[in-house]
Structure formats: C-alpha cells, structure tokens
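Construct all of the structure, not just a fragment, from the sequences and the given hints.
Residue numbers (UniProt numbering), protein chains in the order written: chain Y, 1 to 454; chain V, 1 to 1086.
Hints should not be assumed to be uniformly reliable.
A partial selection of chain Y residues facing chain V, derived with a Cβ cut-off under 10 angstroms [as the list claims (entries may be wrong)]:
1) 37
2) 72
3) 130
4) 399
5) 400
6) 402
Selected chain Y positions facing chain V (Cβ under 8 angstroms, derived; list incomplete) [stated by the list, open to error]:
7) 33
8) 38
9) 39
Hints were generated in silico from the structure; no laboratory data involved. Note that the Cβ used here is the ideal one computed from N, Cα and C, for glycine as well.
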Amino acid sequence: MEAMEIDSEKNLQRKHSTYNLLDERFEIQKEMYRGQQYSQIYFARLHMMRTLLYSLVPNWKPHLPVCTVLGLEKDKECIVVGTLYKHMKLKPCILDEYSKTRSTTPLVKPHNFVHPDDHLVLEDESGRVKLAGMLSPSVYVTGSIVGLHGKETDAGDFLVLDVLEAGLPPQIELPLKSREDKYVVFVSGLRVGSSSSNPLQFQLLVDHITGHLGDEKEQGIAAQIVHVVIAGNSIEVPRGLLNGQNLASKDQSRLSEPIKELDILLTQIAAGLPLDIMPGLDDPANFALPQQPLNRCLFPGSSAYNTFRSCTNPHCFDLDDIRFLGTSGQNIDDLEKYSEAKDKLEFVERTLRWRHLAPTAPNTLGCYPFTDRDPFLIESCPHVYFIGNQDKYDSRLVKGSEGQMVRLICIPKFCETGVAVVLNLGTLECHTLSFGTHFSSYQHGFQNVIKDLQ
Amino acid sequence: MKKGISRKRPALTQQPSPANPPKQHATSQEDEFLDEDVFLDETLFETEDDLILRDIEERQALASRLTKWARPSISHAYISASRSIAFQQLEIDYVIGESHRELLPNWSGSAAIIRIFGVTKEGHSVCCHVHGFEPYFYISCPPGMGPDDISRFHQILEGRMGEMNRNSKVPKFIRHIEMVQKRSIMYYQQQDSHPFLKIVVALPTMVASCRGILDRGIQIDGLGMKSFMTYESNVLFALRFMIDCNIVGGNWIEVPAGKYKTAKHSSYCQLEFDCLYSDLISHAPEGEFSKMAPFRILSFDIECAGRKGHFPEPTHDPVIQIANLVTLQGENEPFIRNVMTLKSCSPIVGVDVISFDTEREVLLAWRDLIREVDPDVIIGYNICKFDLPYLIERAETLGIAEFPILGRIKNSRVRVKDTTFSSRQYGTRESKEVTVEGRVQFDLLQAMQRDYKLSSYSLNSVSAHFLSEQKEDVHHSIISDLQNGNAETRRRLAVYCLKDAYLPQRLLDKLMYIYNYVEMARVTGVPISFLLSRGQSIKVLSQLLRKAKQKNLLIPNVKQAGSEQGKYEGATVLEAKAGFFEKPIATLDFASLYPSIMMAYNLCYCTLVTTEDAHKLNIPPEFVNKTPSGETFVKSNLQKGILPEILEELLAARKRAKADLKEAKDPLEKAVLDGRQLALKISANSVYGFTGATIGQLPCIEISSSVTSYGRQMIEHTKNLVKEKFTTLKGYEHNAEVIYGDTDSVMVQFGVSTVEAAMNLGREAAEYISGTFIKPIKLEFEKVYYPYLLISKKRYAGLLWTSPDKFDKMDTKGIETVRRDNCLLVKNLVNECLHKLLIDRDIPGAVQYVKNTISDLLMNRMDLSLLVITKGLTKTGDDYEVKAAHVELAERMRKRDAATAPNVGDRVPYVIIKAAKGAKAYEKSEDPIYVLENNIPIDPQYYLENQISKPLLRIFEPILKNASKELLHGSHTRSISISTPSNSGIMKFAKKQLTCVGCKALISNADRTLCSHCKGREAELYCKTVAHVSELETLFGRLWTQCQECQGSLHQDVLCTSRDCPIFYRRKKAQKDMAEAKVQLDRWSF
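Now the structure itself:
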C-alpha cells in the first residue's frame, strides 16, 4: 500500500506502512507439557546448526576432516561441531537451596557468575570433550553451537586451534523504493503502577506520538510515525498479592488499577496508529520464552482497535518489507550474567553471529521444552534487531560478510530514563526521544530532545 | 576375634606343568576355528580377510594396552640380587609350607612362612617370604616345677597334642619349651619377675589347640591335674611377627643384599625372595621412610543386568560392564581408565572402551587386567559386599574356573566367605569376606559407615556431601533396557558405570583416606587391613603388646567374661539450666580428659592393687592413690604404668606431629603429618574404651570406673571453684553461674555482656583452675557461645565464637537436623528457626515462620519432597515382628508393579496419607510418586503431631511461655485444604463440570472461564492464573536443567531416579503441575 502524504494546513495525515506479522514460530498452540525434557530442543538446535556449519566448512578449512566428538583421535587435527557447555563454579544451583544447611553468611548474589576457573566442554549426541586452548570461556555460553578446529591431546582434552561461528544469517534485500522518512517508535519498561513510573511522562510520550503536542512542525514529525513497539515490562503487578490466596477487595483494585491505566493510554495510541505490545519479564504473562501475547482481557479498551496487536516475545515482523526482530531483553540480560563483553550491543551482536536469539535457554533462561524445533534460531537476518529493557540507549550498525546490514538497538527502560527510541525507516538511522518532567522544564510542558547520535 | 588374620592355605603345591591351562584352552579353540575355515566358500574369503585384519588390530590394541598396564621393568641390580631391597609393606599374612632348606638347614617338615607384600619406591611389587619365625605363647610356671621337669612336661603336652590332632602329619607339635623370667601385667607386684614357660609350637593353629589343652588342665606327675593360665595365646600370628620384629602397619622394610635368596616364582610379583626373619630391617616411619611408595590403586565398579522386580543375583544375572580406573598413589589423575562391556559400546573420549561378545570374555579380561596392572589396593563402593562376591559367584555359575585367580599367588583361587563383624562401636554387620591375597581391599562404603554419621550412605548422597557433586542414579530396572538397546545406550550405561568407579577414587583423595589409614596403621602397629575389618580394641592391644614386650611383661589371655562384671557409673552431666541465654556463655574444656586422668593418677593394669594385696603388701599411703571409686593404684614413683606411658608417647608424638605440620611445606608431607596427628588423637582416646570394653581383650573395670569417677570429681570441682571465685564479693562485676556441664566441659555464664569480656574471664578461670589439678590434667578455654539455647542435657544450640570479632558458626547438638527418619521439613524448619533465633535474633520472626509453615502444611501448599520419610528395607515383611510403614508399603507396591517395587536393601521413601478414621499408622504410608500422580491427600495432622511438634517445642519452650498453644493451636491452624484424589472410588461416578475460576460456581461450557458475576474481575483473575503458570515455568526450567547438569549431558534425556536427591519429587511434581496449569491458562485464550 502506498503511503499518502497529504499536507494541508489543518489536517496532517498520518503516514502508513505495510505490516506483516511473523510471530507464528513463537506461538505455542497445541504444544503441551507431556513430560518432555529439554534434550530435544538441544537436539533440534544442534541438528539445524550442524547442517549449516558443515556447509561452511569447505570454504573455511577444506583440507580438514570433520569428526564427531567420539570420532576424535589423539593428535589428529580435525573439525568438530557441537554444543558448548560451560562449567561454571559460581553458577547458582537449585540443589543448594535444598540440601545445604543454611550458611550463616547470606549468599552473595553477584550480577555476573563468570569465574576464572570456568571451562568449556563441547558436546554432541555422541559425547563430551573438555576444551583447551584459545576458546575464551568468558565469551561463550552454554547452548551456543560452534565448529572447532583442533586435536585431542594426551590428557583427553580437545585443543582448540580455531573457531568457526555461523556468522550473520542471509538477509532479504532491503527495498530501495520509497525510502522516505517514516518513523517507528520503540519504548520499553513503562512499568505502569510501579513507584518509579511517572504517569505524566508516559502521557507526554503518548501525546507526542499521537500529535497532540507541540507546534505544527512537531506535529508534522509525529505524523510520520507509522508504528509503535512496546518491548516488555509495561505493567508492574504487585507480585506479593498473587500467592494463590483470595484477594481482599482493596487488593483487587490495587491489582487492576495499573492494568486499567495502561489500557487507557494504549487506547489513545491505538486510536491513532498501529501498536505492538510485547510481554516482558515482569508483565502478567508466562515466564518461559517464547512469552505468549498478553491476554486481551487485560486490555478491554485498546483491544477493540484493529491497530492494537498483542504479540509474542521474541517478536518478528516486516514493516514496508523491512525485517524487525526483537525481544524484551531477557536473552541479553542472561548472557550478561553468564558471559562477558565490552557493552550490551556486543552481546546482541554475538546472538546474531551464533544465529540464535537465546543460546542460554533452556540452561539458565526459562524456555518451553520444544520437541521438534528450536524457534530461537535466526534463519534470516533482520534489518532491525531491538532489545528492550536495557539500562541505557545504545545503537550500532553491523555489517555482515555478505553485505548484510543490521541496526542493533538497546531500548532503555522508560520509567527510569524517560527515553524512547525513534528509528527512521528510510535511513535506518536512530535517535532518542527524551521526556523529562523536572521542575525546571515543567513550565514548557515537556522537553523534546531529538539527538541524532549517528 | 579368633579368626586368623590370614587364610590358611594348603602348602603351595609344586606346579607340575609350567604351561598355563587357560592358554592351552585358547589355542585349542583357535585350532577348531581354523579347521572350519577350510570348508568355507570362496566368496566368504574376503570377509575372512577382514576378520583377520580386525583380529590383528585387536591383538595390537591388546599389546599396547598390556605395555601401558604393566609395572616399570626391574633394573639389573635387582635381577642379580646385588642390592638391598627396601619396600613399603601393605599386607602381611602367612602360609604353611615346607621350611626353606638353604636358609634353615636344620629344619624339617612344614612351617609357617610369613609373606609380606609391598611396593618399592620405584613401583616394583614385592613378595617377601620370611622364614624361621615360630608361633609361641606363655604359661605361668607351676610352683615346684624346675628346669629339669620341662622335658617331662614337654612329653606330656606333645602326647596330648597328638591325641587332639590325629590326622595331622606333623612330626612334632611342640618345638620346644623354655623357662623365662617375666611378669604378668595384671596388678601391682613387688617382685620383679616370676618363672614362665614359653611354649613354641610348630604351626600357628596349634597355639589354640594347645591353649585349649592347658586351659582344661593336664595331668602332671607329682602335681596332679593342673590347668594353666595362658599368656599372649590369642595374638594373631602375623601380628606376633610384626611385634617381635618391630614392624608397624604400612612401614618400610629393608632386606640387605646377600641376605635374601631370589625365589622361584610362585607369585605374580616382580621381586620375590626368601629371607630369615632376623635379617629384616624395619624402618621407623620417619624422614625418608615416612613417605608413601607409588602403589597402584584400582577403583572399579560393575553393572549387572537384573531381571524385572529382582535385585541382581549372580546365579541368574550377567555382569555386563566393569569400569576400572587405576591411579598411582600421589598422582591426581588415573593413568588407566577403561570400561569392559558385554556387546558393543560406542567410544567414550579419554576412556579405553573394550567390548566383548560373551560374558566369559568380559570376566577373563578383567582378571587379566588385575594380573597385568597388579594393583596393591582395590577400592570401590560396596565392593566387599557386592561387586567382588558377585564377580566370583558369577564366574562360578558360568563355570569359569580360571577366573578367581585374582590374588598375587599363582594358582590360588579367591573364595567368598560369609562373616559377621561385631563391635560395640559399630554394631553387628553381616558381610561377605573376599580375600584377595596380597592386595588390600578398601571399601569406601565401609569406611564411610565407620567414620561418618550420615543420613544416607548411598554413593550419590555421600558424594553430594563430600564432593558437592551429584551423580545420576539409574534404577536397576532400567539397566537391562539400556543393555538391550544399541551401542549408544550401552555407552550411556558405561558412562554411568565409569562415574561409579571414579567417585570412590575422588572420595579417597578428598578424605585423604590413604594417608589417614596408613598413619593409623603406623601409629597403632596393626596391618592396614585390620583397620577396616576389625574393631578398635585390636589397635590398643597391639600397642599394649609392644609396650609389654619392652617391659618384660606378659598379657594374660582372660577368658571372655561377658557382661557379668556389671556396669559402672559413667560420665557425669551437670544439671542443665534450660533456657535461652542472651549473655555470652564461656566453655571450659578439659583437654583429652580421660587420657590425662590416666596419666595423672598412673592408672594401669600393672599399678592396680587388689584389695587382698593392699593388706598383704602394706604399701605406705604416700605411694598410692585411692580413686573416688574406691580402687587403689600405686603412684608412678613406685611403679610406672604402661597405659600412662603409651598415652604419654602418643600425646608427645601428636605434639611433635602438629609442630612438624606447621613447618611442613610439601602438601604430601602435610597430608601424612595431619593423618598422623589425627590417628594419634583417636588412639589416645580409645585406650580408656579398651579398659572398659567388657567383652574385649583385657577389660579392667577398676581402671575405667576410676577414670570416670575422677572425671566426675573434676567437673564438680571446677563448678565449685567457679562459683566460689567469680563472685561480686571477690571483686568481679557479676556472680558467675554454671549453667551446664558435660563429660569434659563446663559452661559458665560470667554475667558480662560482651564476648571479649567473657573470653578474658574464661581464660582466667581456666588458668586458675588448671593450677589446682595434677599434671597433665588441664582445663582449657576455647570458645564462647553467644547467644545460647540450652534445651536439656546434651541438647543445645548456639553461635560459637573463638575470637571476639566474628562468630565462627552455628553449633548444635542433639537437635533434629540430621536424623534420617525425619522428613526434610523438620530439618529445614529447625534450621531456619535456629537461624532466625540465634543469628537474626528475631523471635517474632521465627514464630511467624513456624506459623506460616504450619499453615502451608495444613493448606496443602507444602512441597511433597519435604514430607518424604525414608527407611531402609532390611528384610522382607514376614521377618519384621512389628508392622512398619515402609515394609507394608513395599508389599503394596510389589502388588502394583513388581518391577519397580523396592527390594531388600533398597531404601523406601514414603509419605503419610489421609486414610479412614482409625487406620493404623503403617497403613497410611504411600509411595510419593503414586501420591503425586493421583492427587492423594497427605495427612497434615500426622506431620504436625508426629514430626514437627516435638522438635519445635523443644526449641521454643525455653523461649516462649506457652509455646505449644501459640505455635500449634493458633488461628493459623484453622483453615485446612485437602486435595481430592483422582483415583478414589467415588470419583469414578463424579461428572466433571467447569467451574468459574473466580468463585468456583458451576458454569456452562459456553462461558469457558468466568461466571457473569466475576466477569468484572477478569484482569485480576487472569493475572493470578498467569502468575501461577509463570512460577511453575521458572521452577520447571531450573529443576530440569539441574538434572541435565548432574547427568552431564544436554542431548540426552534425564533418566535419573535417585530418590535421595532433594529435587527428585519436585521435578516430577513440576512436570505434572505444569501440564495442569497450562490447561487452566488455556481456558483464557479465546
């Protein structure tokens, strides 16, 4: 559909874009808990990735034989593909909560469980081998799949000489036509109902998006916003109330008030333009990835609009043939706990290179025990890859070896920073929208800072 | 205790044919094979080539294995016998054989030959035959018998022995009799010595029969019928040898060059020689000789394919896998890792997988491994009772006569014997005894049961406890399925089997068993094998015999008196002032109280003055001590006691070991020294027990009752002194109060409020009171409890401080934290309460916690795994006199499904369920899995009344006024929720209908989730449902990934059924709950 731009004195017409929802593989429909375990998802993952990596070997090191872990022979150089398992000293263990007598000093909960003694193990269906050599345990995590060039040593370890990662997946070509300025707004961590959320801030954001603020110029910009994505943690439900007991009426309202408030604001957006809402860690949704769409019964007002879409997390869609993929942040937060990188975007980039959205699932990140597939594999490279609920805004353009271009975005927590992220569909450039409600700027109603960080 | 320390074997028969029978067998098989070849079709020749090729490969593999397995080859100096041989001995036994013609030209007939097995520092195995040592014992010389009468006496005795042993071909029973001047150890005597007769017999067995004759009495001309008291007539022959040659367990022995004769090879040892016992040089374990030889330790485990519903039996079920790890003592990693499997098995990285087509080959391959690797120590978990007897009995069933040659002696078969081992300390245990000649067996299970009090001794929970490592537990009913699968499933089994062989080795290393046991053997002087297979008393006896020999004393063979000597008053316990003490409590401890008392008052067999003697001897009172229990002992200036001397040496040696330990740098040396000081401490403390053991070797109630009476006196004395001195009248801030005192400690509340002040006063008191005691009795101040919860005698809990800055730990005694017949809930509850009370100092918090827990229990929100009670099934139902819950359950489960029902030897976990009114407790037990699957309601009242109430009240009674009312009958006990069983009779007639999620009103199918009334609360009710799902998902993920972690594989399903594992039931429950919650959640998707 061709977006129209009718610029009249009084009526600003909002631009449109084509939207194609691609969440099907993240949906859990008929899948049930029937006693299946996690081995199957690992198997599916290894199977898919091994086919892929094997196809890359001829271009990488054609002279080397390819082995399974069992087929290793001492001192014979070869290539093995398998799932990494990281043995971690500090990894919290659920058994400790049971069997150990309570220690007198409380358990320290570090935000990162990496320890110098950690070591990696490579595993396939046939067996395991301990890895030595150049592979840094602080970078890799349990569940990622790599090809390794190396040889078995006297001690029975596998000495790694080189690593083959899957690299960026192939990308659909970026459409060249109609590269006009259209904007997509990303916001996450609204946390309506929490002590840190500021109702005014959110209202300002809504008013800005819907064009109820500022002068004509600003309204003109607002009219170019074609889509809003809310990437998780929109509501703060007082968890303590949900312990299975019946609620007193006072508590009932404490629970439903924030939900109502969110619904009202979302209704305002949905009345103006398409809106995708994804569940996050603290939303009233299931815990395990992929998180299923927030139930419509939570949004009696906004769900009446066909512009309102409750989506899964992870979430994938095409907008004007530009591929978007994103999560509410759990996958990257978990990587941060179990590995190290210079910044958050590096973690994000790694998941792309490993072609897997959430390698640590199911090991440390809750996930549904799929039996025949691994929905988190990234088969085609998105153009925009966004991660919600991060501490601060960050963005980078990553280029692949086959000309792939991906915009990586860390969306900050809105309730803490007052920052939303705006992406220009035409250029894939990114900037922030910052809403402050400090007293100094209160007279102006809001402060709209548009910074082009590129 | 009369069992011989070694099996008496018939004389080593000369090998008539040098060729090995098994080899012959193999070649004949090959011949047959070749004969058949001739008739093969041409077309088959190709495959035949392959076969030959494979055969060659296999031979090469075997050859390379053998070179890897073999011990280092011996140098020329050894072969030519031109150098002395020094080795660490591990095992000493004896055989009956022909006496050595060259070494003992004047001897004839059969004699006892001592065999010493050991390892040189280069790692060569040694078998040393020692000749010339003769068995003997003593009797007191009857008055009136002179040296001239001995030959007559000799004749009479020889005659009687001949009558007793008609079948024996020994030409001469009594070698000779001589008169010696010695003294009995019993009672103080003024004369230095009396005449005794030393009777030397031909063979060790004859000591007992000769003793029997002398006990019953013999007719002697001129003296009439006379029975004799025998001395040292029950000393095991090998121990006698060790004592006389000054050899202690596990020390180094040297045989100088030229003093030994290389022997014909009757054993598989690399160095085998004969020598005279007088030529042996025994090195004290000091300096260079305190080290350990690089002996080889084999850790192994077998798997058997049992039939459904039966525990594997060697008469039916094949051995399918044997995993072996061989480690050199002192090395971290095993140098041989292999697993022998029946049928093919996929390879395992770093492990030599050796597959065979028949069970016979598996067993023989293992025998070859033993022979080639030649391990000095064989370890494993439950090998003595299960693995080794199973292998041997299995080989017997299969008719593999050549299998059980596992020892170091050629052509000598290993046999299995049933034994019972009974000791006051360890109780009676039935066991199988398998003797593998020349190799020490060390069963980690036995060691664990001896040395540690644990709630469960399964390998899984023991390794979880010591190594913080879980292992997956494959139920024996699954093992057959895995074996009958393919090479992959068998590999799975092999990995499991290897882990079972690996964990004992890890435990051995972690707990420093080798060091500790070798040091214990060195300190007490007994062979290492005694330490596991015998009680405490042999250790003390060994020391006593050694010391007595030095002092020219003899130990009488007292007839087993049974318990008729009666009991004596034990240790004293001061009345406990129960309560919760919020001021620091200082603890004054007597350092090694009982040994110190024995030393201070010179209490010994040889210083005891009998009441008759007291009048007769007329010893001036300044030379005797009258003990509080009324016995008389002479002081050390008149006669020094042997026991005090042994104790002094032990404690001095411990002091030295501890000082050396501080100096030591080398971790291995440290390990040896630490093992030594520990062994010394244990030995010192067991001396008292030896004198008090009424069915022991040499009980002496006079000594033990004196010791305890002194102990009681000292505790009282300390209490009085504290009360007298630390008062406000004497210038102290507060009046001190003794709140409790046990065997060797006194708890004092000085009234001060800081830990530091209490420590200072504690030190002052200890020093002051120590000054009033005879040396070496010493009162020490060690620790302060603050706060301190004293419940009753021997039950208390408190925070322990040894420095004023920070408490060390929470110390509890006699409180339900580890009892194994309690459910986990009790342990958790008690722990958490103590934590809240003592560390957080939060009494209301603890009360609230208890209330919440009880409410959870009543409201059916309790995690089932916390409620599981486990008991061992030791015999079948009919054998139990009283009906027991776990036995009844096992019977019921057998009726349900014989395959998975627990067998004798298994532990039976159960929960108590709600049953009809008046049902007996044993009828209310149920399998937790069954309970989970069928929603059977548990009986919260049972848990409340029979499990948690007592321990809770114990803790809270000193703190709360009406604890019982407050905790067990408050408003939190009003609401109760019970789940509906899904399998009960009435449910079959019930129709399931949807109810509103909000108010449980019945609704039509059209409404799906909510009734019209609750429609408005949709969002809230949805949040509740989804929050429940979310919680379960979190748990599901964490539990199942943990199990993947334990089993060590991501790509394979978890099979583990370890009911000892704290998350086993949770994992099951999470799976089931998840499925249900998902269904509930799906009702909302519309």
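Here is how each hint holds up against the structure:
1. For residue 37/Y, the interface hint holds, the least distance from its beta-carbon to any beta-carbon of chain V being 5 angstroms, beneath 10 angstroms.
2. Because the smallest distance between the Cβ of residue 72/Y and any Cβ of chain V comes to about 6 angstroms, under 10 angstroms, the interface hint for this residue holds.
3. For the restraint placing residue 130/Y at the interface with chain V, the shortest Cβ-Cβ distance is roughly 8 angstroms, inside the 10 angstroms limit, so the hint holds.
4. Proximity of residue 399/Y to chain V is violated relative to the hint, the smallest CB-CB distance being about 33 angstroms (cut-off 10 angstroms).
5. A hinted interface residue such as residue 400/Y counts as satisfied when its beta carbon comes closer than 10 angstroms to some beta carbon of chain V; here the least separation is about 29 angstroms, so the hint is violated.
6. Because the closest C-beta pair between residue 402/Y and chain V is about 31 angstroms apart, greater than 10 angstroms, the hint is violated.
7. Interface hint status for residue 33/Y: upheld, as the beta-carbon distance to the closest one in chain V is roughly 4 angstroms, under 8 angstroms.
8. The beta carbon of residue 38/Y is positioned within 8 angstroms of a beta carbon in chain V (closest approach about 6 angstroms), and the interface hint is therefore held.
9. Taking 8 angstroms as the C-beta contact cut-off toward chain V, the hint placing residue 39/Y at the interface holds, the least distance being around 5 angstroms.
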